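A.B. asks: So you can see what is in the structure, the chains are spelled out below.
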Amino acid sequence: MTRPAVYVIGDAVRPFGRAKDGSTPRDWIRQVAHAAIEDAGIAAVDIDSIVLGSESDHLTLQLSPAALMCDEIGLAGRPVMRVEMGGASGAAAVDAGAAQIMAGMARFVLVIGFEHAASHLAPDDVRLLYGLSFDADIEGLAGVQAVHLYALSIAEHCRQLGTTERDLAAVAVKNRGNAALNPLAHRRVPVSLDEVLASPSVSTPYKVLDCSALSDGAAAIVLAAKDAAPRRPRRGVRIAAAASASDAVRLGDRRAWHRFEAKRRAAAAAYRQADIADPVAAIGMAEVYDAFSGAELQSLEMLGLAPEGRAAWLLSDGMFERDGRLPVNLSGGLIGQGGAPGATGIAQIAGLTRMLQGRYWPELQPQRTTRYALADAHSGVGTVSVVHVLEGTG
Amino acid sequence: MNPDEPSADIVRAGLTFSWRYSHGLGALAPFFAALTQGRALATQCPSCRTTWFPPRMTCPDHGPLAQWRELAGVGTVMTVTRTTLSLPLTGRGAAAVMALIAMDGASNLVVGRIAGAMDAEPGARVRLAVDAGATVHPIQSMVFEIVGGR
Chain A
0 MTRPAVYVIG DAVRPFGRAK DGSTPRDWIR QVAHAAIEDA GIAAVDIDSI VLGSESDHLT
60 LQLSPAALMC DEIGLAGRPV MRVEMGGASG AAAVDAGAAQ IMAGMARFVL VIGFEHAASH
120 LAPDDVRLLY GLSFDADIEG LAGVQAVHLY ALSIAEHCRQ LGTTERDLAA VAVKNRGNAA
180 LNPLAHRRVP VSLDEVLASP SVSTPYKVLD CSALSDGAAA IVLAAKDAAP RRPRRGVRIA
240 AAASASDAVR LGDRRAWHRF EAKRRAAAAA YRQADIADPV AAIGMAEVYD AFSGAELQSL
300 EMLGLAPEGR AAWLLSDGMF ERDGRLPVNL SGGLIGQGGA PGATGIAQIA GLTRMLQGRY
360 WPELQPQRTT RYALADAHSG VGTVSVVHVL EGTG
Chain B
0 MNPDEPSADI VRAGLTFSWR YSHGLGALAP FFAALTQGRA LATQCPSCRT TWFPPRMTCP
60 DHGPLAQWRE LAGVGTVMTV TRTTLSLPLT GRGAAAVMAL IAMDGASNLV VGRIAGAMDA
120 EPGARVRLAV DAGATVHPIQ SMVFEIVGGR
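Taken in sequence, the protein lines are chains A and B. According to numbering that gives the first Met the number 0, the first sequence is numbered sequentially starting from 0. According to numbering that gives the first Met the number 0, the second sequence is numbered sequentially starting from 0.
Isolated chain A (complex conformation) (with noise of 0.2 Å):
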């Protein structure tokens, strides 16, 4: 099946982080939506349809926020949508946006997405919302939060396949690396291993900077078919692939419960969507969901980006570092950038978009072009994986 074109022609993000100025998200998606727009180099006029990514009205107080948004933004008259999907409700906006595209519904759409996690609700509250997301009547309410069923995940892997501590620590220690050189990272100060495996222990084996940031922050892409795209001198970033997968929602009523089956299933699809028959040949850059540094690891392996049991290894022989074959998580992941649900997937692509492009950060920029880049996300423990595999053009 050929899959009609579509291009992310533009795109903006709004610094992740804790917003102590009291903005709140009806400013900062203005502030992404029109500055998306211009760096498109197209009008607000032009854009057909807004597809909004947000995971929680409880954080933000704002229930059907889709509506608000786009007359926020002065584009009330189109039709617009929200979509929520956990952690990757910025991934799969993402998604809903380019079917409309492949549909002929659309020529430019302006996906955004936003989380209002960090500055809004004490962080205990929200962790408890987050908790909910889960099986809210068997393990929500039971005080099951995110970093219990992570860990419970991670502690497996370690057990069948050898993970140790100090691994996982060598994740949190790239991606903080990576972020400090990031303007737009909640987490700009890097961190040492001998620091990761000191700080205080939150569910074993994960310590506190193990653990990904909870962020307020917004993003935006513009979408586009590809006779519709503006000429401009930049490579073009075609979606080669957009795929998705569901697992069953507790994990003990998965057969392994340390492995995120859902993700190998949406990568499997993505990469043939793309033709891709060698991922770790063929993709040349990726930012992964790190809810938790092991998650990066348990990613890297179901994405086929690593034998599984061998990311860490991998990682250790520099394979995932800024100067490595197949850097991972160059704007710092979750871990250093920060985890904004709503804004996450949409942030990813638009850095994969600037990377492919040459013009990310210049300290993190690639030296060398890259064909392919691949975007991954999810919600719950890797419940529901949305994988994208960007590509560069011309």
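Misleading hints may appear alongside valid ones.
Chain B is faced by these chain A residues, among others (derived, beta-carbon under 8 Å) [stated by the list, open to error]:
| id | residue |
| --- | --- |
| 1 | Pro122 |
| 2 | Val125 |
| 3 | Leu127 |
| 4 | Ala154 |
| 5 | Glu155 |
| 6 | Ser198 |
| 7 | Val201 |
| 8 | Thr203 |
| 9 | Asp252 |
| 10 | Ala255 |
Hint data in this document are derived by calculation from the structure and do not stem from the laboratory. Here the structure is a predicted model, which is why all the values come from computation and not from measurement. By construction, the Cβ of each residue, glycine as well, lies at the ideal position given by its N, Cα and C atoms.
Position chain B relative to chain A; hints supplied.
C.D. replies: Just chain B now, kept in the frame of chain A:
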């Protein structure tokens, strides 16, 4: 003034909500009622005999045919994490071991907390018990006690 630059006298509103839900338990109500009595009620598919604790109301292979079946209430710890657990809306919290537990007779695993045994390890045998402390949801009654093993 640039409308995208908040003014220096930004006002924050402190909002405290207290919402009261009357929360139904649906088809899982027998499972929750049994937990408050220390009993492990599972569901079973009559076609393939797959048994779930916690229960599912639909067999992924054979559809909505699950029927109730009581288990012995003992199981084996498969994986543990040592953490701090807060029971939502109760004000209760403490250091705890959370575990994935394979109940005897069940095909899946349950996430549960193990009472009074911070050194619990995979392989330990546990028994379902009732948390006698304050709870606001019957799932909070579910706790496991070590009965043997490592």
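A.B. asks: All hints are to be evaluated individually against the structure, with a verdict given for each.
C.D. replies: Hint check:
At a threshold of 8 Å, the smallest CB-CB gap from Pro122(A) to chain B is about 12 Å, leaving the interface hint violated. Because the beta carbon of Val125(A) sits about 13 Å from the nearest beta carbon in chain B, more than 8 Å, this interface hint is broken. Residue-level restraint check for Leu127(A) holds (minimum Cβ-Cβ distance to chain B is 6 Å; threshold 8 Å). Because the beta carbon of Ala154(A) sits about 5 Å from the nearest beta carbon in chain B, less than 8 Å, this interface hint is met.
Using the Cβ-Cβ criterion of 8 Å, the hint placing Glu155(A) at the interface with chain B is satisfied: the shortest such distance is roughly 5 Å. Of the supplied interface hints, the one on Ser198(A) is violated, with its beta-carbon coming no nearer than about 15 Å to a beta-carbon of chain B, more than 8 Å. Proximity of Val201(A) to chain B holds as hinted, the smallest CB-CB distance being about 7 Å (cut-off 8 Å). Because the beta carbon of Thr203(A) sits about 5 Å from the nearest beta carbon in chain B, less than 8 Å, this interface hint is met.
For the restraint placing Asp252(A) at the interface with chain B, the shortest Cβ-Cβ distance is roughly 5 Å, inside the 8 Å limit, so the hint holds. Using the Cβ-Cβ criterion of 8 Å, the hint placing Ala255(A) at the interface with chain B is not satisfied: the shortest such distance is roughly 11 Å.
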